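Peer 1: Spelled out, the chains give:
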Amino acid sequence: MMERDIVVIGSGPAGLCAAIEAAEAGAKVLLVDENAKPGGQLFKQIHKFFGSREHSAGVRGIDIGTLLLQKAEELDIEVWLNTEACGIFDQDKVWVVRDKSTSLTIHAKRIILATGANENVVNFPGWTLPGVMGAGAAQTMINIHRVLPGRKILMIGSGNVGVIVSYQLLQAGAQVKAVVEAAPQLGGYGVHTAKVRRAGVPFYTGHTVLEAHGTDHVESAVIVKLDAAWKPIAGTEFSVDVDTICIAAGLTPAVELAFGAGCRSVNSPVLGGLVPWHDESMRTSIPSIYIAGDVSGVEEASTAMEEGRMAGLSAAHSLGYLEASRYRSRFEAINHNLLALRSGMFGQKRRDAKEAIMAARKG
Amino acid sequence: MQRILDHPILGPLPEEEKVTIYVDGEPVEARKGEMIAAALMATGKPYFRKTVKRHEPRSIFCGIGRCTDCVMTVNGTPNVRTCVTAVEEGMVIETQMGFGDWGGKR
Amino acid sequence: MDNHNETEGRLKTTGAASLAELHATKEYILPDERMHHPVAVIECIEAIPCNPCETACPVHAITVGSEITNLPVIDIETCTGCGLCVAACPGLAIYLKQKNYTKDLSFIAFPFEYLPLPEAGQTINMVNRYGQVVCEGTVIKVVTIKRFNRTAIIHASYPVEQYEHVVNMQRLAID
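Protein chains in written order, with the working numbering: chain P, 1 to 363; chain X, 1 to 106; chain S, 1 to 175.
With the rest of the complex left out, here is chain P (with noise of 0.2 Å):
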């Protein structure tokens, strides 16, 4: 059976941190990803990233994309594009199929899943109707395939996701009709509500949308108040003319695999629902594998790469290729930046949320 130090699952922020960490320690890497490109979601980033300078903050998501795919290549990091991982048995086992042809079996020392998170729906008479997208399929279709997937789009959700979506399908030529929040206050950061409503793009808070009208695809949408218990109010419905109606509400993690092999799962509300175990070092309660970004709980990219620095400088670490100080001093730095990132107004419910998951009995 091949064998390898570390296979990595997924190839997007945090399994790409994840992969060059470890061979950066020196251990013998393979990263898999059953896309025919790596990166994952990171190429459709094509804003500024906030954080600090450690965070490469002020540098678009797409070219941090660019810079790991490169030291991927520097540190001759195995890749293979095309796999889809199927399985994780015996705790150091990864079956994947290769060009959908090959079927074959790893046998891993240490296994990281990067396997990210999967948009969550909100259903509504109409939700079914060609133009009913979830927020990031709209983004890869601008950002990555270059097609506008309609000219007119209400959005629902105003959470980071539903407004930076919003502001680059208006660079990308779209009319965005509205952004619909069923919540009384807005989710995302001001400064991203704030540049889409400068560019008159109405809110809606406290409303939801109550059904898609169209026969082969939306042709309108129509939105209701809704009352304190959040129940739309009679009489209160007005019509949108739209073509393309976006979901951003939300991700949950992409847990089947870790949940397959094994992995205890905790529940997270905040962090977008069951999630496997982990401790710090981003072990999960099978020592053998490690997780890292969304999978781990739901939050940025930013912080899906640090994540993934500490899983693949860990997973290196307990296979004996770091000496305990470079460990430590490795470990506290990413330590850092990671509670930098998760502090705030907006980042210390998930500092919470991820301290109660490590704070869970390991099991």
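Simulated from the structure, these hints should not be mistaken for laboratory data.
Take these hints with a grain of salt, some might be off.
Interface residues of chain X toward chain S, partial, derived using beta-carbon atoms under 10 Å [what the hints assert, rightly or not]: (1) I9; (2) L10; (3) G11.
The structure displayed is predicted, hence computed values, not measured ones.
Backbone N, C-alpha and C define an ideal beta-carbon position, used for all residues, glycine too.
Starting from the known structure of chain P, arrange chains X and S on it as the hints suggest.
Peer 2: Only chains X and S this time, still in chain P's reference frame:
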């Protein structure tokens, strides 16, 4: 709907070799290497398939190969995820009705 | 009670901070007529982990400090109005302003990431924080240097009566 020919951050759409695909029998020009769903969306195709029981239209939903809402019959094989399958010269793409025809390659 | 057409409202309901909200923070400092050159104005009133404005400033006029969720504080006496922070801010929350560019006109240099770009001399519609056109302005120049990393900085003049309200321009391609 339309291709984004110029973009404030991404710049002009790079030149790309063209391939011809056949969508429900009609030739459609696509950019080499792009996903089928992108090529079809650029033409404004309203829906990609219809459901089994109620014949409702469907198109892309997740855009990254997760949800299978965008599946079509490609070169005779039904249920191909068009958002993660690249176009190829001469590819035959059909709007899929229900589960599609599993009768083998045509 | 729809909040979509309010001209004043709160950041967390209308998407844009009202002047009352901005004035309630000590970090929002609008230079008055005593300032004889443009200086940076920062509309960053939420504690988000971010400090590129501080690191971009060559004269150390902006302070965030070791806690990167601190709000940036500008020393307008030190600020030279170079504009590096305007392009560095990932939130596009900084612009340069001068109240009396001429007797009747104010000056603004704001970040702009849409196409098409305006040209020097062009008349543009100036918008407030809610996206409403409040007056016309004239483009002085459009700066698109490599260091700004694809964020254009538009320099424009506009009537002094709208000094505080104007924050950006209406996109040119709106259909």
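Peer 1: Please verify that hint: G11(X), Cβ, nearest Cβ of chain S, below 10 Å or not.
Peer 2: Interface hint status for G11(X): holds (8 Å vs cutoff 10 Å).
Peer 1: Does the closest beta carbon of chain S sit nearer than 10 Å to the beta carbon of L10(X)?
Peer 2: The hint holds - L10(X) has a Cβ within 10 Å of chain S, the shortest such distance being about 9 Å.
Peer 1: Take the shortest C-beta to C-beta distance between I9(X) and chain S; is it under 10 Å?
Peer 2: holds, 5 Å
Violation of the numbered hints given earlier is absent; every hint is satisfied by the structure.
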